[in-house]
Amino acid sequence: MSATTSYIGKSVKRVEDKRFITGKGTYTDDIILPGMVHSAFVRSPHANAKIKKIDISKAKALPGVLAIFTGADVAAINGVPCGWQVNFKNGDTMKEPKHPLLVADRTKHVGDPVAFIIANTREQAKDAIEAVTVDYEKLPSVTNAAEAVKPGAPLVHDDVPNNICFDWELGNPKTEVEEALSKAAHVTKLDFINQRLAPNAMEPRSYIGSYDTTSDKYTLYTSTQNPHLIRLLMCAFVLGIPEHKVRVVGPDVGGGFGSKIYHYTEEALVTWCSRQIGRPIKWTSERAESFLLDAHGRDNVTTAEMGFDKEGKIVALRVKNLANLGAYLSTFSTCVPTYLHGTLLQGLYTTPKINVDVTGVFTHTTVVDAYRGAGRPEATYILERLVELGAHEMGIDPVELRLKNFIPPFDGVKQPGYQTQVALQYDSGNYEGVLKKGLEILDYKNFRREQQEAVKNGKLLGVGFSTYIEACGIAPSAVVGSLGARAGLYEVGQVRVQPTGKVSVFTGSHSHGQGHETTFAQVVADKLGIPMEDVDIIHGDSDTVAFGMGTYGSRSLAVGGSAIVKSLEKIIEKGKKIAAHKLEASEQDIEFADGKFTIKGTTKSLGFAEIALTAYVPHVYPADLEPGLDFSSFYDPKNFTYPFGCHIAVVEIDKETGKVNLKRFIAVDDVGKVINPMIVEGQIHGGVAQGMGQALLEGVEYDEDGQVSNGSYMDYCMPRADDMPMVETASQITPCPHNPLGVKGAGEAGCIGSTPAVVNAVMDALWSGGKKIKDLRMPLTPERVWTALQQ
Amino acid sequence: MNVKIKVKVNGVEYSHDVEPRLLLVHYLRDTLRLTGTHVGCDTSGCGACTIHVNGKAVKSCTLLAVQADGCEILTIEGLLTNGLLHPLQEGFHQEHGLQCGYCTPGMIMTALDLLKNNPKPSEDEIRHALEGNLCRCTGYHNIIKSIQYAAEKM
Numbered sequence: 001m002s003a004t005t006s007y008i009g010k011s012v013k014r015v016e017d018k019r020f021i022t023g024k025g026t027y028t029d030d031i032i033l034p035g036m037v038h039s040a041f042v043r044s045p046h047a048n049a050k051i052k053k054i055d056i057s058k059a060k061a062l063p064g065v066l067a068i069f070t071g072a073d074v075a076a077i078n079g080v081p082c083g084w085q086v087n088f089k090n091g092d093t094m095k096e097p098k099h100p101l102l103v104a105d106r107t108k109h110v111g112d113p114v115a116f117i118i119a120n121t122r123e124q125a126k127d128a129i130e131a132v133t134v135d136y137e138k139l140p141s142v143t144n145a146a147e148a149v150k151p152g153a154p155l156v157h158d159d160v161p162n163n164i165c166f167d168w169e170l171g172n173p174k175t176e177v178e179e180a181l182s183k184a185a186h187v188t189k190l191d192f193i194n195q196r197l198a199p200n201a202m203e204p205r206s207y208i209g210s211y212d213t214t215s216d217k218y219t220l221y222t223s224t225q226n227p228h229l230i231r232l233l234m235c236a237f238v239l240g241i242p243e244h245k246v247r248v249v250g251p252d253v254g255g256g257f258g259s260k261i262y263h264y265t266e267e268a269l270v271t272w273c274s275r276q277i278g279r280p281i282k283w284t285s286e287r288a289e290s291f292l293l294d295a296h297g298r299d300n301v302t303t304a305e306m307g308f309d310k311e312g313k314i315v316a317l318r319v320k321n322l323a324n325l326g327a328y329l330s331t332f333s334t335c336v337p338t339y340l341h342g343t344l345l346q347g348l349y350t351t352p353k354i355n356v357d358v359t360g361v362f363t364h365t366t367v368v369d370a371y372r373g374a375g376r377p378e379a380t381y382i383l384e385r386l387v388e389l390g391a392h393e394m395g396i397d398p399v400e401l402r403l404k405n406f407i408p409p410f411d412g413v414k415q416p417g418y419q420t421q422v423a424l425q426y427d428s429g430n431y432e433g434v435l436k437k438g439l440e441i442l443d444y445k446n447f448r449r450e451q452q453e454a455v456k457n458g459k460l461l462g463v464g465f466s467t468y469i470e471a472c473g474i475a476p477s478a479v480v481g482s483l484g485a486r487a488g489l490y491e492v493g494q495v496r497v498q499p500t501g502k503v504s505v506f507t508g509s510h511s512h513g514q515g516h517e518t519t520f521a522q523v524v525a526d527k528l529g530i531p532m533e534d535v536d537i538i539h540g541d542s543d544t545v546a547f548g549m550g551t552y553g554s555r556s557l558a559v560g561g562s563a564i565v566k567s568l569e570k571i572i573e574k575g576k577k578i579a580a581h582k583l584e585a586s587e588q589d590i591e592f593a594d595g596k597f598t599i600k601g602t603t604k605s606l607g608f609a610e611i612a613l614t615a616y617v618p619h620v621y622p623a624d625l626e627p628g629l630d631f632s633s634f635y636d637p638k639n640f641t642y643p644f645g646c647h648i649a650v651v652e653i654d655k656e657t658g659k660v661n662l663k664r665f666i667a668v669d670d671v672g673k674v675i676n677p678m679i680v681e682g683q684i685h686g687g688v689a690q691g692m693g694q695a696l697l698e699g700v701e702y703d704e705d706g707q708v709s710n711g712s713y714m715d716y717c718m719p720r721a722d723d724m725p726m727v728e729t730a731s732q733i734t735p736c737p738h739n740p741l742g743v744k745g746a747g748e749a750g751c752i753g754s755t756p757a758v759v760n761a762v763m764d765a766l767w768s769g770g771k772k773i774k775d776l777r778m779p780l781t782p783e784r785v786w787t788a789l790q791q
Numbered sequence: 001m002n003v004k005i006k007v008k009v010n011g012v013e014y015s016h017d018v019e020p021r022l023l024l025v026h027y028l029r030d031t032l033r034l035t036g037t038h039v040g041c042d043t044s045g046c047g048a049c050t051i052h053v054n055g056k057a058v059k060s061c062t063l064l065a066v067q068a069d070g071c072e073i074l075t076i077e078g079l080l081t082n083g084l085l086h087p088l089q090e091g092f093h094q095e096h097g098l099q100c101g102y103c104t105p106g107m108i109m110t111a112l113d114l115l116k117n118n119p120k121p122s123e124d125e126i127r128h129a130l131e132g133n134l135c136r137c138t139g140y141h142n143i144i145k146s147i148q149y150a151a152e153k154m
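For the record, the sequence lines run as chains A and B. Under this note's numbering, the letters of the first sequence match residues 1 to 791, in that order. Under this note's numbering, the letters of the second sequence match residues 1 to 154, in that order.
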């Protein structure tokens, strides 16, 4: 491998930018296929209603309307599947009701699709919505998980008693944890709701289904984070079409944040219907539909207790969660509140006894699934709120309390990984390092002085800390398989060296803002010792890329990058054989560095391009070697990766209005080795804004009728430019010991650390002014903070 | 029932018969195939569809195509001069002001309006000017820096 590094670790400007800044990006809705027609949905206005009758006759007669499908037409087709099986504690299989492409009998949340209209133009399809008459019998509904499990609550599915999908437990035996809590010198307890969020990728979901009769082949263009996964789920589980007869393309995709992982009913419908009507069909979501249909995030009702001894050492943690799953199971909805959440409750602390108990609950709401961080933000929120509140209650400085409880540093090489009480083994960490770095940037001592001054002047200043860990780079297939995953979570990377020595890389990972075309090219160029311009990164097309599991869980570089590195190693190994033959040397004597194959200790060498050409024009060539220079590899990680960090928020509360002003935000993140610091910082900035959004601004609200009462940008408070300060970022690097690049992943860190940091800062400000309040409900709106100030 | 409109878009004159309900953004995207202008929300909340009409930034999902009759329109595709990037486009590239790229054309067109009226805006003034444009990727941090970069160059 190349000894010198010319790209890795540098803030190389992004190669994909050019098309986006000139308006030449190609998102799904930008594509118009020959003969393409448009579509729209009739959607349920009720959360729970019996469909007594549907009359489509008037709508069908309208100009331009080509076809209308209802639930009866697709009754024989399977529903969209769930990709993770979580069983009841007693071993019973989780409840897995059908999630149909169109509802035939009873709608289960507002927005549930009742009829699918296909027309020549978008306007004609929308006009026809009004002409479909549906006779509904409205039934009582329930949207809150705590209400849904009460006896007598309306049932979402008649065959799911008490609306319970599964119950699940992890960690030390409950009795041991209870005993430790009963002996604790101090117990801090919180009851709260980690509220429901709407993901709000800026590009609404969009799909085009197309069927070609001559080849009997379907093509689906989809705004997805994982084209191959969609093909697998849609072909094998829903439509029963052989995979080689389906091409799935995820072109430029305008943000995902989890919401574009899942296989949605609309994808299967446009694909299936395109064959029925013999025309390509486009469907593009309106924003109002996005609020009702794109899988939401979070929505846990939590009770959590943390016990401390008299020195402030944590002795036990008990967590009980009701996880709202929505009306159906989405692709990964069952693993988010369980295996992606409970397993992170060790946090950065040496807590010896942990028990987590989770009940998955159906409600008459939009499905809930992974949203940036997925389970890990919820776990971090529990831990960091409890530690901070515990510190306030016991009169210990929150920094001191954390330092007292941190797991000591370990590199995962000389020192072993850290075995948690909740199944995981952390790979490497230096937790006090990130906190100390954060304190330096903050100038903590000075801040506390300023805070005291502020109180004297009638102002409320607060600082909040959050020291987090996450499990990324998902995931070792055998491990997740044993935990209920119904897929492997490896990644595929193919490196095709062209005869001229230029390189095409095909990755199963997918970029929807992450910048793969740049970072992956940096890795390939450095490892081969060639200019980045000679490397092209290709992704997003199931006919071009061999296979892949896609992008989520901060896995692209740790898993997808590692697959590419495996292929690069094979390229270099074969290159050495070719070079040895041409240079008349033994293979063991050839070394590869800086793009040259050299006989050790001599100046006799051949360039990478020369070797590539020889591989394709094999005139002087080893007898037992195949021509060509093209390798594909599957990489299945050995463990998760465990990025961690320290986030610090400084806020000032306006006492007159209750408005929280986020004055500073410091993010010290350790994401292992960094390929492109500019891109990593960008990921942190965006994640912090989303996490801050949950703390102060965002939350999907349902009214008593099951209607989303803030389903537009007039009502749902997205973070805007003037809600954010400049984010002060810093990094620490503790390499991942088990993947070839030493990287851990950076996509979700910002969103995981920031929410509790901001909430803790607000609580600190309130306590500094003598308002010793245990908790406030997120989002901490001016009204909620103002009300607290009046008490 | 269609209505005839004449518009000048990025310096080119067009004449089309359009459905009276056709939104300007759909006219640009579907009829003229200028797909750099995006639709993010349909209700003028996100700013992804921002273009310039007669020199002012407007949200093109708020206007009907017929309302633009006789107007001069500038979209993201019209910002290149002789193949060279506009300082704002350069700024977004240099300062990593975009990730998924979906909000970017609208951001750039809004920023262009700001810099026309306030060539050296403060950070607060930039943040205020961007209130009508949503970005979910960047936390706005590098968008601010991109606009500051352009303000220096322009």
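Wrong hints could be hidden among the right ones.
As the list claims (entries may be wrong) - Some residues of chain A that are not near chain B, with every Cβ distance over 12 angstroms (derived):
1. 31
2. 35
3. 769
Stated by the list, open to error - In the BS3-like style, the derived pairs of lysine-lysine whose C-alpha atoms are separated by at most 27 angstroms in a straight line are:
4. 18/A to 116/B
5. 6/B to 18/A
6. 13/A to 4/B
7. 145/B to 673/A
8. 150/A to 95/A
9. 320/A to 18/A
10. 183/A to 313/A
11. 24/A to 145/B
What the hints assert, rightly or not - Not everything, but these chain B residues come out facing chain A in the computed CB check (under 8 angstroms):
12. 16
13. 17
14. 20
15. 118
16. 120
17. 122
18. 125
19. 127
20. 136
21. 140
22. 142
No lab work stands behind these hints, which were simulated from the structure alone. C-beta: ideal position from N, C-alpha, C; glycine also.
Do the hints match the structure? See the list:
1. 31: violated, 9 angstroms
2. 35: Correct as stated: the minimum Cβ-Cβ distance to chain B is 15 angstroms, above 12 angstroms.
3. 769: holds, 27 angstroms
4. 18/A to 116/B: holds, 23 angstroms
5. 6/B to 18/A: violated, 31 angstroms
6. 13/A to 4/B: Not satisfied, since the Cα-Cα distance of roughly 45 angstroms exceeds 27 angstroms.
7. 145/B to 673/A: holds, 26 angstroms
8. 150/A to 95/A: holds, 18 angstroms
9. 320/A to 18/A: violated, 49 angstroms
10. 183/A to 313/A: Holds, at about 13 angstroms.
11. 24/A to 145/B: holds, 23 angstroms
12. 16: violated, 15 angstroms
13. 17: This hint is violated: residue 17/B lies away from chain A, its Cβ roughly 14 angstroms from the closest one there, beyond 8 angstroms.
14. 20: It is violated, given that the least Cβ distance between residue 20/B and chain A is near 11 angstroms, above 8 angstroms.
15. 118: Cβ of residue 118/B sits 15 angstroms from chain A, so the hint is violated.
16. 120: violated, 18 angstroms
17. 122: Interface hint status for residue 122/B: violated (12 angstroms vs cutoff 8 angstroms).
18. 125: The hint is violated - residue 125/B has no Cβ within 8 angstroms of chain A, the shortest such distance being about 10 angstroms.
19. 127: holds, 4 angstroms
20. 136: Interface hint status for residue 136/B: holds (5 angstroms vs cutoff 8 angstroms).
21. 140: holds, 4 angstroms
22. 142: holds, 6 angstroms
In summary, the structure is inconsistent with hints 1, 5, 6, 9, 12, 13, 14, 15, 16, 17 and 18 from the numbered list given earlier, while agreeing with the others.
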